[in-house]
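Student: Note that the protein sequences, when read in sequence, are chains A and B.
Numbered by my numbering, the letters in the first sequence go through residues 9 to 374 in order.
Numbered by my numbering, the letters in the second sequence go through residues 9 to 374 in order.
What the hints contain is simulated information worked out from the structure, not anything from laboratory work.
Treat the hints with care, since some could be wrong.
It does not matter which identical chain is used: a pair holds within one copy or between any two.
Result set (SDA-like, lysine to any residue): computed pairs, CA atoms no more than 20 Å apart in a straight line [stated by the list, open to error]: (1) K294 to A63; (2) K270 to N149; (3) K91 to R300; (4) K270 to A295; (5) K238 to S320; (6) K91 to E78; (7) K90 to D347; (8) K238 to A262; (9) K103 to H346; (10) K210 to G153; (11) K270 to R151; (12) K294 to T167; (13) K133 to T107; (14) K90 to L131; (15) K270 to R296; (16) K238 to D351; (17) K103 to H29; (18) K90 to H45; (19) K91 to G30; (20) K294 to D322; (21) K188 to S206; (22) K238 to V269; (23) K238 to K270.
Number of protein chains: 2
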Amino acid sequence: MSAPSPLTQVRLAVDCMGGDHGPSVTLPACQAFLAAHPEAELILVGRADALARAAAWPRCTTVIATELVEMDDPIEVALRRKKDSSMRVAISQVKADDTGAAAAQACVSAGNTGALMAVSRYLLKTLEGIDRPAIATVMPNERDGYTTVLDLGANVDCTAEHLLQFAVMGSALVAAVEGKENPSVGLLNIGEEAIKGSDTIKRAGELLRAAAASGHMNFHGNVEGNDIFKGTTDIVVCDGFVGNVALKTAEGLASMLSNFVKQEFTRNLFTRLAALAALPVLHRLKARVDHRRYNGAALLGLRGLVFKSHGSADAFAFEQALNRAYDAARNGLLARVHDRILDTLAAMPAVANEDDSKLSDAVRTA
Amino acid sequence: MSAPSPLTQVRLAVDCMGGDHGPSVTLPACQAFLAAHPEAELILVGRADALARAAAWPRCTTVIATELVEMDDPIEVALRRKKDSSMRVAISQVKADDTGAAAAQACVSAGNTGALMAVSRYLLKTLEGIDRPAIATVMPNERDGYTTVLDLGANVDCTAEHLLQFAVMGSALVAAVEGKENPSVGLLNIGEEAIKGSDTIKRAGELLRAAAASGHMNFHGNVEGNDIFKGTTDIVVCDGFVGNVALKTAEGLASMLSNFVKQEFTRNLFTRLAALAALPVLHRLKARVDHRRYNGAALLGLRGLVFKSHGSADAFAFEQALNRAYDAARNGLLARVHDRILDTLAAMPAVANEDDSKLSDAVRTA
């Protein structure tokens, strides 16, 4: 596949109220982002008082939204009650009108993941050929690169066809954001020495091999949990339950180890002196595994680009999410997902007729 | 539940040929174990030439087995062809005769996991009330304790009833090995903010709450991947696919971080000096997260105790697996699992009639 040339003019819609810290984090991040990207434009969405200080910023417009989706709001509240929430208004900026044009090319929010997915799905709908949207994030790997993992919690149980769609969407994402036109895909499975995967996983392996045989996928084969950090493949595909557990397990281990390092280096005077001597090395280490650097998960498969920042992101981390959304929009991620999925399905007619009977009730009845 | 008094006389059967290193690791570990446990006895199983040096060891008998299950042997080969393998002969030592007596009270092997489970299941059969055996291991947590996680790969898809049984077996294991009579159980699930778990998980939650209500379980509720390392609960229950991915993901992250630490401290002369200053702290850190210390996964739910060492274990690690098996046998783990599962099922009659139609074909037709 050839790379389309990047867009020169990209506008992002930002939910300035979302996340644990709201405008105190999102606005400084927007300011830094604008300074770093002299051609980018932003639509800042939020309450009038919160956005007042940004009124005169260059390349910015503000759109007022009176409500706020709280981090613990149920999905139903976000969908049905808060119709003027900053999250919803920000997402609506990427919805195309009848001519195909939208106010913004991507939206970024640090709000509640379930609500963001449900409202995005309700407002934007899924792309043709996609049964279910997925959430993709990156994790650092030993090759000093990133491994893109999806799904991370949007879909608790998936069919083989869904896993194939995730693989196609992940490939489009890596192509757009990292410039690798033919990224490798691994199917997350359990060790060879154990009973090898469920029927769904085995069938997903068959579909991925068929997609590879028809030239539409760079399928590596099965991978295991440790391959995420080895960087064995550019992309690791799994259902949302497994992906969520893998991500949270990794976060938990990283947090425990980081606490252990702190405890051991602050144990007594001697260890504190050792920490002083080791400080530059410890700083480099910390920077190398700094999770803020890879903040910004993509909601893929919708008729519009939506990126999710960690709720607890600081301004540096939120700026990275803006960067990822910008790169994705600039490099035509939406069209890439659309084209790749249709090309793949055209080459695999048996897979193309999947119905969407398993759509989440919350979204369907909204 | 009251704790039975420990057995004074325990004999372990050891597959001396299993694992990546065979007798060069297992025999030194046995020697160290015998020295540390003056009342313990061992049955060493393996080829005559390999065991010759141990012939005169005190409190040891040797049982000759002429074959060896290789680490990459398919389950079928281990089950049907190698009927005189050291693994199979070692497992057969814990099989009770008609009077209920067995040559050994637990078996330890570092051989191939799939083969060990299949042969154990074939020779020993499952306990009454258990549909499927499970593999349980421990992971270190921030409270400087261990979290017991099961299942870790024996069962790729589980019903809610299986998850309940895992919770009961895990509780018996922690009670026997760690002396906590009423350990807490968490059900591994995805974040509250996402769509909350599959139907199986929701139903498992209901069963666990019912078991808790009848006084047969200390059920904490849902936990997430990071809770394994926080030590939120003593036990985390999940299906084998998810457990295997969580374990391998944690191993992969730990390995990457350990490599990063090495790389950063050996970058140049200055960082090497810093490493020298920090050496005692780094050593303490390493000891604190040393995975060899918690080697020894339990195969639970069988009519005999089987413990699995990592294939790559060194003598120190293999000795820890012997220790875990010894503690479990000494504290009556087999009877505890048996009693707990029957007590729980008696209190929950609706759950007791699960058939075993989903038994692995490999095992059933063996």
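Student: Each hint should be assessed against the structure and marked as holding or not.
Tutor: Hints, one by one, checked against the model:
Taking the closest pair of Cα atoms, K294 and A63 never come within 20 Å of each other, the shortest separation being 37 Å inside a single copy and 53 Å across copies. Taking identical chains as interchangeable, the C-alpha atoms of K270 and N149 lie at most 20 Å apart only when they sit on different chains, with a minimum of 15 Å there against 23 Å within one chain. For the homomeric pair K91 and R300, neither the shortest alpha-carbon distance inside one copy (31 Å) nor that between copies (55 Å) is at most 20 Å. For a Cα distance limit of 20 Å, the shortest separation of K270 from A295 qualifies both inside one copy, at 16 Å, and across copies, at 15 Å.
When the C-alpha separation of K238 and S320 is checked against a cutoff of 20 Å, the pair qualifies only between copies, where the shortest distance is 19 Å, while the shortest distance within a copy is 27 Å. For the identical chains of this complex, K91 and E78 are intra-copy neighbours only, at 13 Å inside a copy versus 62 Å across copies, given an alpha-carbon limit of 20 Å. In this homomeric assembly, K90 and D347 never come within 20 Å of each other (Cα to Cα): the closest approach is 34 Å inside a single copy and 53 Å across copies. Taking the shortest Cα distances, K238 and A262 sit within 20 Å of each other both inside one copy (16 Å) and across copies (11 Å).
Taking the shortest alpha-carbon separations for K103 and H346, only the intra-copy value of 15 Å comes in at or below 20 Å, while the best inter-copy value is 59 Å. Taking the closest pair of Cα atoms, K210 and G153 never come within 20 Å of each other, the shortest separation being 28 Å inside a single copy and 37 Å across copies. For the homomeric pair K270 and R151, the shortest alpha-carbon distance between copies (15 Å) is at most 20 Å, but the shortest distance inside one copy (26 Å) is not. Neither within a single protomer nor between protomers do K294 and T167 lie at most 20 Å apart by alpha-carbon distance, with minima of 39 Å and 42 Å respectively.
Only within a single protomer do K133 and T107 lie at most 20 Å apart by alpha-carbon distance; the minimum there is 17 Å, versus 67 Å between protomers. Taking the shortest Cα distances, K90 and L131 sit within 20 Å of each other inside one copy (13 Å), while across copies they are farther apart (61 Å). In this assembly of identical chains, the alpha carbons of K270 and R296 lie at most 20 Å apart whether taken from the same copy (17 Å) or from different copies (13 Å). In this assembly of identical chains, K238 and D351 lie within 20 Å of each other by CA distance neither inside one copy nor across copies; the values are 30 Å within and 45 Å between.
Within a single copy, K103 and H29 get their C-alpha atoms no closer than 26 Å, and across copies no closer than 61 Å, so neither meets the 20 Å cut-off. Taking the shortest Cα distances, K90 and H45 never come within 20 Å of each other, neither inside one copy (33 Å) nor across copies (67 Å). Taking the closest pair of Cα atoms, K91 and G30 come within 20 Å of each other only inside a single copy of the chain (19 Å); across copies the shortest separation is 66 Å, beyond that limit. When the C-alpha separation of K294 and D322 is checked against a cutoff of 20 Å, the pair qualifies only within one copy, where the shortest distance is 16 Å, while the shortest distance between copies is 31 Å.
In this homomeric assembly, K188 and S206 never come within 20 Å of each other (Cα to Cα): the closest approach is 31 Å inside a single copy and 35 Å across copies. In the homo-oligomer, the alpha carbons of K238 and V269 lie at most 20 Å apart only across protomers (15 Å), although the nearest pairing inside one protomer, at 23 Å, exceeds that limit. When the C-alpha separation of K238 and K270 is checked against a cutoff of 20 Å, the pair qualifies only between copies, where the shortest distance is 16 Å, while the shortest distance within a copy is 26 Å.
Hint violations for this structure: numbers 1, 3, 7, 10, 12, 16, 17, 18 and 21, all remaining hints satisfied.
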